[in-house]
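Engineer: Take a look at the letters that make up each chain.
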Amino acid sequence: MRKWAAVIAIFLGLVFLPQFISTYYVNLLALALIYAIFAMSLDLVFGYMDMPTLGHAAFSGVAAYAIGIFSKDVLAVFWLNFLLGIGMACVVAALFGLLALRTREAYFFMITLAMAQMLWGIAIKWRSLTRGEDGISSIPRPYLSFLPWSLGDASIYFYFVLFFFIIASIIMYIMVRSPFGHVISGIRECEQRMRALGFNTKLYNYIWFIIAGCLAGVAGNLLVYYNGFVSPADVGITTSAEGFLMVLLGGPGTLIGPAIGAVVIVLLKNIISGWTTRWLLFIGLIYVLVVIFTPNGILGLVNKFILKKRVTT
Amino acid sequence: MKILALDNVCKSFGGLQALCDISLEMKTGERRAIIGPNGAGKTTLFHTITGIYAPTSGAIYLFEENITRLPIHRRANLGISQTFQLINLFRGLTVIENTILAVQSFNAVNYTLYRPLSSYKPVIHDAEQLVAGWGFWEKRKAIVSSLSYGDQRLLDIILALARKPRLLLLDEPTSGLALAEIHTVVSKINDLSREITVLLIEHNMDVALNLADTVTVLHMGQIVTEGPPAMIRQDSRVKEVYLGTRRETKC
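If you're matching them up, the sequences are chains A and B in order. If you read the first sequence in our numbering, its first letter stands for residue 1, the second for the next number, and so on. If you read the second sequence in our numbering, its first letter stands for residue 1, the second for the next number, and so on.
Be careful, since some hints might not be right.
[Stated by the list, open to error] Here are the computed distance ranges between Cβ atoms for each label pair:
no.: 1; chain 1: B; residue 1: E64; chain 2: A; residue 2: F78; range: 37 to 47 Å
no.: 2; chain 1: A; residue 1: I306; chain 2: B; residue 2: A178; range: 51 to 61 Å
no.: 3; chain 1: B; residue 1: G29; chain 2: A; residue 2: I207; range: 32 to 42 Å
no.: 4; chain 1: A; residue 1: R278; chain 2: B; residue 2: A108; range: 53 to 63 Å
no.: 5; chain 1: B; residue 1: A108; chain 2: A; residue 2: R127; range: 46 to 56 Å
no.: 6; chain 1: A; residue 1: R104; chain 2: B; residue 2: K27; range: 40 to 50 Å
[Claimed, not checked] So, partial list: chain A residues that the calculated Cβ filter (under 8 Å) puts toward chain B:
no.: 7; residue: H182
no.: 8; residue: C190
no.: 9; residue: R193
no.: 10; residue: R195
no.: 11; residue: A196
no.: 12; residue: G198
no.: 13; residue: F199
no.: 14; residue: S273
[What the hints assert, rightly or not] 25 Å max Cα-Cα, derived DMTMM-like pairs, lysine to aspartate or glutamate:
no.: 15; chain 1: B; residue 1: K141; chain 2: B; residue 2: E128
no.: 16; chain 1: A; residue 1: K72; chain 2: A; residue 2: D134
no.: 17; chain 1: B; residue 1: K164; chain 2: B; residue 2: E195
no.: 18; chain 1: B; residue 1: K141; chain 2: A; residue 2: D50
no.: 19; chain 1: B; residue 1: K188; chain 2: B; residue 2: E128
no.: 20; chain 1: A; residue 1: K304; chain 2: A; residue 2: D50
no.: 21; chain 1: A; residue 1: K3; chain 2: B; residue 2: D213
no.: 22; chain 1: B; residue 1: K121; chain 2: B; residue 2: E97
no.: 23; chain 1: B; residue 1: K141; chain 2: A; residue 2: E191
no.: 24; chain 1: A; residue 1: K202; chain 2: B; residue 2: E97
no.: 25; chain 1: A; residue 1: K269; chain 2: A; residue 2: D134
no.: 26; chain 1: B; residue 1: K139; chain 2: A; residue 2: E191
no.: 27; chain 1: B; residue 1: K188; chain 2: B; residue 2: E97
no.: 28; chain 1: B; residue 1: K164; chain 2: A; residue 2: E191
no.: 29; chain 1: B; residue 1: K164; chain 2: B; residue 2: E64
no.: 30; chain 1: B; residue 1: K239; chain 2: B; residue 2: D213
no.: 31; chain 1: A; residue 1: K304; chain 2: B; residue 2: E97
no.: 32; chain 1: B; residue 1: K139; chain 2: B; residue 2: E128
no.: 33; chain 1: B; residue 1: K141; chain 2: B; residue 2: D126
no.: 34; chain 1: B; residue 1: K164; chain 2: B; residue 2: E240
no.: 35; chain 1: B; residue 1: K164; chain 2: B; residue 2: D21
Treat the hints as calculated values from the structure; they're not laboratory data. Bear in mind the structure is a predicted one, so any value in this text is a computation, not a measurement. Backbone N, C-alpha and C fix where the C-beta goes; we use that ideal spot for every residue, glycine too.
Throw the hints in and build the complete structure from the sequences for me.
Structural biologist: Structure (structure tokens):
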């Protein structure tokens with residue numbers, strides 16, 4: 001009961017907050033929610049499968065590029081572009097998964113990184129398609145004829161993002177509690193036993209990985225419309241590592257944890273970069289402190305000291 | 001009907017021949033124990049039957065179907081279930097979550113993504129029945145890694161039985177158990193329906209000879225002899241295998 005009360009409180013807070021804060025913070029909050037979707041989808045792989053990935057930005061980045069290229073050079077129809085973005089993310093996840101899921105742990109970490117860097121290389125070198133290091137700029141926000149408002153407005157775009165954030169959260173919430181999600185946690189705990197119980201563990205992992213990639217694509221879609229810009233950095237290691245840090249900071253193996261981590265990192269990044277350009281130094285410091293003192297992230301701290309609850313995952 | 005048939009199965013690891021020309025047949029409902037000293041190849045034999053190892057040569061038939069090249073999970077779905085010598089459980093999950101995994105594994109709900117597991121009442125109900133039937137009701141919410149060794153062993157067997165297997169392979173089901181727990185396991189196995197065929201590896205001779213209709217003695221990867229327990233007790237080769245031959249010493 002208390003959990004649902006908290007969820008409803010957060011929801012109402014998110015709905016009404018834009019009325020009380022400046023446009024700058026409304027924008028920041030929208031960005032935080034976009035990264036929250038990204039971090040939650042990353043945690044489906046990292047936390048729920050226990051497969052640390054450093055290539056998750058490949059999926060969101062490809063979605064962003066797909067929208068950028070298609071809507072600028074071919075046809076700017078919102079729902080078509082949006083589906084294309086998600087579709088491309090799914091396709092890339094399906095391709096990556098074929099190879100990457102043959103490995104485990106550190107090898108998985110490295111191979112996901114390597115594959116994402118291949119895309120990064122393509123984004124830089126295939127200039128005729130991707131405009132190279134310049135990236136694709138001034139990608140317009142979609143115009144939705146059935147809405148009376150323009151998505152160019154900060155708070156309207158925030159609600160647009162909030163809508164997808166809620167949908168994605170519900171999807172992931174049901175996923176991790178479904179029979180399929182239970183199978184995934186079984187595979188995480190003991191894959192050999194799962195096979196002996198008759199589960200085709202590779203297929204389960206593969207499907208789960210692809211879905212996580214598709215959901216990262218949703219985040220990529222929202223990000224490219226938010227920025228109006230996509231560049232090789234969006235598929236590169238920095239974005240992946242940032243997502244990884246959000247999950248670690250918030251609390252891996254949960255959904256709310258990565259969302260909290262995303263909000264904290266996005267806010268910190270903007271606040272710290274306001275008074276120094278060396279904000280990465282502080283992010284790194286936070287990372288070190290979290291890993292040493294609270295391996296279960298902020299959520300672990302909350303559970304330990306406020307709810308006095310043992311963390312199971 | 002022949003439940004399981006092994007036809008000249010060999011398995012080598014590099015230069016080490018772990019199994020050599022193993023031929024074996026089991027009928028429906030049979031209880032067979034495999035005994036043999038350490039390193040005889042008992043567990044290797046299990047792993048070739050369940051699919052963890054592929055045999056180097058020879059063929060394996062389950063329900064008269066050639067399964068030699070089938071992957072583990074396909075064999076499991078044909079009706080093989082196994083327990084492990086080194087306990088293989090989902091250590092971070094609770095007892096009931098472990099059992100649910102085993103129950104859902106043959107319930108065709110596994111690929112469902114759009115509905116919470118808790119809404120599948122029959123699956124939950126079956127798992128709860130099993131847990132209660134084995135005296136784990138009070139411990140159902142305990143994390144498995146916090147259970148005693150004996151309890152983990154029992155849970156291992158619960159998971160194997162949850163799948164209602166036709167062929168059950170038990171790899172040392174009583175090792176590390178206290179006397180009372182051994183008694184529980186033996187009576188549970190004796191109570192199993194004769195539709196289930198049981199193949200077990202056992203070091204405890206009393207248990208093996210008590211449970212089995214037939215005993216197969218394995219030594220150095222080969223079958224030394226097989227027969228009913230009474231005969232095995234008398235067999236001089238079996239004594240040799242376990243105790244070694246008397247060496248003539250002159251001095």
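Engineer: Are the hints correct? Go through all of them and say.
Structural biologist: Okay, the hints, checked on the actual structure:
{"no.": "1", "hint": "B/E64 / A/F78: 37 to 47 Å", "verdict": "violated (59 Å)"}
{"no.": "2", "hint": "A/I306 / B/A178: 51 to 61 Å", "verdict": "violated (42 Å)"}
{"no.": "3", "hint": "B/G29 / A/I207: 32 to 42 Å", "verdict": "holds (39 Å)"}
{"no.": "4", "hint": "A/R278 / B/A108: 53 to 63 Å", "verdict": "holds (56 Å)"}
{"no.": "5", "hint": "B/A108 / A/R127: 46 to 56 Å", "verdict": "holds (51 Å)"}
{"no.": "6", "hint": "A/R104 / B/K27: 40 to 50 Å", "verdict": "holds (41 Å)"}
{"no.": "7", "hint": "H182", "verdict": "holds (5 Å)"}
{"no.": "8", "hint": "C190", "verdict": "holds (5 Å)"}
{"no.": "9", "hint": "R193", "verdict": "holds (4 Å)"}
{"no.": "10", "hint": "R195", "verdict": "holds (4 Å)"}
{"no.": "11", "hint": "A196", "verdict": "holds (5 Å)"}
{"no.": "12", "hint": "G198", "verdict": "holds (4 Å)"}
{"no.": "13", "hint": "F199", "verdict": "holds (6 Å)"}
{"no.": "14", "hint": "S273", "verdict": "violated (38 Å)"}
{"no.": "15", "hint": "B/K141 / B/E128", "verdict": "holds (11 Å)"}
{"no.": "16", "hint": "A/K72 / A/D134", "verdict": "holds (15 Å)"}
{"no.": "17", "hint": "B/K164 / B/E195", "verdict": "holds (10 Å)"}
{"no.": "18", "hint": "B/K141 / A/D50", "verdict": "holds (23 Å)"}
{"no.": "19", "hint": "B/K188 / B/E128", "verdict": "holds (18 Å)"}
{"no.": "20", "hint": "A/K304 / A/D50", "verdict": "holds (22 Å)"}
{"no.": "21", "hint": "A/K3 / B/D213", "verdict": "violated (56 Å)"}
{"no.": "22", "hint": "B/K121 / B/E97", "verdict": "holds (14 Å)"}
{"no.": "23", "hint": "B/K141 / A/E191", "verdict": "holds (22 Å)"}
{"no.": "24", "hint": "A/K202 / B/E97", "verdict": "holds (21 Å)"}
{"no.": "25", "hint": "A/K269 / A/D134", "verdict": "holds (23 Å)"}
{"no.": "26", "hint": "B/K139 / A/E191", "verdict": "holds (24 Å)"}
{"no.": "27", "hint": "B/K188 / B/E97", "verdict": "holds (22 Å)"}
{"no.": "28", "hint": "B/K164 / A/E191", "verdict": "holds (21 Å)"}
{"no.": "29", "hint": "B/K164 / B/E64", "verdict": "holds (20 Å)"}
{"no.": "30", "hint": "B/K239 / B/D213", "verdict": "holds (20 Å)"}
{"no.": "31", "hint": "A/K304 / B/E97", "verdict": "holds (23 Å)"}
{"no.": "32", "hint": "B/K139 / B/E128", "verdict": "holds (11 Å)"}
{"no.": "33", "hint": "B/K141 / B/D126", "verdict": "holds (16 Å)"}
{"no.": "34", "hint": "B/K164 / B/E240", "verdict": "violated (38 Å)"}
{"no.": "35", "hint": "B/K164 / B/D21", "verdict": "violated (31 Å)"}
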